[in-house]
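Student: What follows is the residue order along each chain.
Number of protein chains: 2
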Amino acid sequence: MRSVAIVGCATTKFGRSDKDVVGLLAEASLAAMDDAGLDGVRFDDVFVGNMASGEFEGISGLANLLVSELGLEPASAMKVEYTSGSGGAAFRAGWIAVASGQSELALVAGGEKMTSASTKEATEIIASLAHPWEKAQGVTVPSLAGLLARAYIARFGATREALAAIAVKNHSNGALNPNAQFQRRITIEDVLNSPVISDPLRVYDFCPITDGAAALVLAPVEAQPPAEKSVVVSGIGAATDTQTLQERADVLRMASVRVAGERAYRMAGIGPGDIDVAELHDMATILEVVESEELGFFPPGKGWDAAERGITKLDGPLPINTSGGLKAKGHPLGATGVAQIAEITQQLQGRCGPRQVEAGIGLACNVAGFGSGSIVTVLRRADHG
Amino acid sequence: MRSVAIVGCATTKFGRSDKDVVGLLAEASLAAMDDAGLDGVRFDDVFVGNMASGEFEGISGLANLLVSELGLEPASAMKVEYTSGSGGAAFRAGWIAVASGQSELALVAGGEKMTSASTKEATEIIASLAHPWEKAQGVTVPSLAGLLARAYIARFGATREALAAIAVKNHSNGALNPNAQFQRRITIEDVLNSPVISDPLRVYDFCPITDGAAALVLAPVEAQPPAEKSVVVSGIGAATDTQTLQERADVLRMASVRVAGERAYRMAGIGPGDIDVAELHDMATILEVVESEELGFFPPGKGWDAAERGITKLDGPLPINTSGGLKAKGHPLGATGVAQIAEITQQLQGRCGPRQVEAGIGLACNVAGFGSGSIVTVLRRADHG
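First to last, the sequence lines map onto chains A and B.
Position 141, counted from 1, in the first sequence is what my numbering calls 128; the numbers after and before it change by one each time, with no gaps.
Position 32, counted from 1, in the second sequence is what my numbering calls 19; the numbers after and before it change by one each time, with no gaps.
Treat each hint with caution, since some may be false.
The list makes no distinction among identical chains, and a pair is therefore deemed to hold if it is satisfied within one copy or across any two copies.
[Unchecked claim] Here are the simulated SDA-like pairs of lysine to any residue, each with C-alpha atoms no more than 20 Å apart in a straight line:
{"hint": "1", "residue 1": "K6", "residue 2": "D263"}
{"hint": "2", "residue 1": "K6", "residue 2": "A123"}
{"hint": "3", "residue 1": "K300", "residue 2": "I175"}
{"hint": "4", "residue 1": "K216", "residue 2": "E249"}
{"hint": "5", "residue 1": "K107", "residue 2": "P195"}
{"hint": "6", "residue 1": "K107", "residue 2": "E44"}
{"hint": "7", "residue 1": "K6", "residue 2": "S115"}
{"hint": "8", "residue 1": "K107", "residue 2": "G45"}
{"hint": "9", "residue 1": "K216", "residue 2": "A18"}
{"hint": "10", "residue 1": "K216", "residue 2": "L179"}
{"hint": "11", "residue 1": "K122", "residue 2": "R172"}
{"hint": "12", "residue 1": "K122", "residue 2": "E56"}
{"hint": "13", "residue 1": "K0", "residue 2": "G125"}
If you are wondering where the hints come from, they were derived from the structure by calculation, not from laboratory data.
Let the sequences and hints guide you as you build the complete structure.
Tutor: Here you go:
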């Protein structure tokens, strides 16, 4: 397999958009091509990450629509759907295409237009990713997060404030990201006084409904002129876990995150201690905590404490979700996995302005369903030891 | 890239099923695993081809649901959506994963459950793959096929009977395929007297609404014990064309089929004259004609004549759609591309019973949208010169 470089990346502004999903994907793609300094290029492959344009907007055939919108014919194309992990899975498909030598230049674009549906409709569409057995019990994704938070607090003695601290941190980071949906700082009290969604979790523990897209341009490292700031995919891993929580040996473990992480670390030849910055899938605050444990950043049951002590803040030793995360940047389902990789790429390139951290190696963790699948990617600055 | 073998394949019965799409996919997958002689295996990757389980059944997260149903965790997984080309695109993703060395054993399963929707709803869902500009004019996929047939007849002097002959041939082949939806022979008169759908095309020119699934097991050739009847992927190509017909230089040319075919032939080191048997994407009779020209089997404007003269019949020099094709076997959108490859595999292995033809090299052509994307695969029997 060849080494693959990310030669261009971009995201749209996340939030509420007047564009449809095709317009969002095209905007991000053109910006990523511009970022790569490409003009009139011919892509071999186009991968689109999207969960539910059919349900949200009555649009299918997204891969062809994007190719057509950008005039990229006769590139090969496909859409990858992996619920909230669609972007990460599309990135992995693009990486395999380029790494294998099948593709010399690939576009990976992820996007979702969610505000065209009402909140109730959107909740229904998102709930369709749950197992029919769980769905039949009225389970929605937020309710699973509530169960997890309750169990976590009970077993590990975590404080409610520790979870709130994650929302506060991610809002603080989002306030420094012009493309984030929320650019307003909040306090612990704001979180604790917000309406209950799924006890003990409240409105401010959850990511919002978001429109947005992100795009990456991938090419073999060998084809690129050596550049100090070029970013290389040094590890990637994907794995599945059971679809229902009831089948998991331990409801507080996310095996798909752990296995995908192990696979990515092994490929990169590194361990968790080598990661300088990470984007995790904080659909709810509790998930950032559990994922940070599964990825080996903190021991099991200690993630909450690390968050409360500020370890994962912008100026801490391991900044997590510098972009604002799903919580504050927003979570356009199919865009998220791609946007996470765009954020890490820009952090490694030193292009993040007021939210810039010092980093040579970064990690992105994109989760499908409620932990039923994960894709973990490790990126490295080419000039980093 | 490593050489990839198809070590197991299966399809469900096509038609109307009581199972949901997950049940159909699982049935086909278990049969393909059984066909491969696998027991308690660990797949590295699972690729699911499906267009619209969300719209048809309110089910998303299909890749995880299938993994969970079969207990294949922690395999990597993703769903590939490429409208009616979803199965072919999923196969290509699986092929790249194994060929690249990323995966030692991959499952590719395609399926669709369509009869849960009314015919009107299904037509709406399928029409969502058209470009919004075309859709706004009331365009549906059958209406595009009618336009194409009218233009083809006008320019090339084709007879209406020639198109009917394709439906008659495919029904005749379907009658020999126990998994085909229609197992009833029809006559030219049946076609010409059937109700008009999109003039000059009639009911019997079109594929039906179908439930069904198909699955393939892929492994590197090097890992397989040499077997006389093993089947190898010798060429694969994918390409896109403009989404709208109005943007094409010639409405009667399908550039995505031509370019995908050229790419597949080049990789296989062969030409159209080397193909012994083919499965084409006959969503409507006219499409089998045009595709047979784009793939170089017949000169432009001569495909209809070849069909009328019986060249493509089971006992002709180039049998096309021995399975019954989309027309008679049925067209469960996401299943089709996988089922086509299963049919070619079984033909090369001599396992097709009364519809068996003599073949060492076969081709499958799966089309997305109305020619906006195509995947062409060339398969070869390992012992074939």
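Student: Each hint should be assessed against the structure and marked as holding or not.
Tutor: These are the hints, each one checked on the structure:
1. K6 to D263: neither (35 Å within a copy, 48 Å between copies)
2. K6 to A123: between (34 Å within a copy, 17 Å between copies)
3. K300 to I175: within (15 Å within a copy, 74 Å between copies)
4. K216 to E249: neither (26 Å within a copy, 39 Å between copies)
5. K107 to P195: Within one copy only: 13 Å inside a chain, 35 Å across chains, cut-off 20 Å.
6. K107 to E44: Intra 15 Å, inter 18 Å, cutoff 20 Å: intra and inter.
7. K6 to S115: Close across copies (18 Å), not inside one copy (24 Å); limit 20 Å.
8. K107 to G45: both (17 Å within a copy, 15 Å between copies)
9. K216 to A18: within (18 Å within a copy, 50 Å between copies)
10. K216 to L179: neither (42 Å within a copy, 66 Å between copies)
11. K122 to R172: Neither, since 35 Å and 44 Å both go past 20 Å.
12. K122 to E56: Classified as between; 16 Å across copies, 37 Å inside a copy.
13. K0 to G125: So K0 and G125 fail the 20 Å test inside a copy (33 Å) and across (33 Å) alike.
Violated hints, in rising order: 1, 4, 10, 11 and 13; the structure is consistent with all others.
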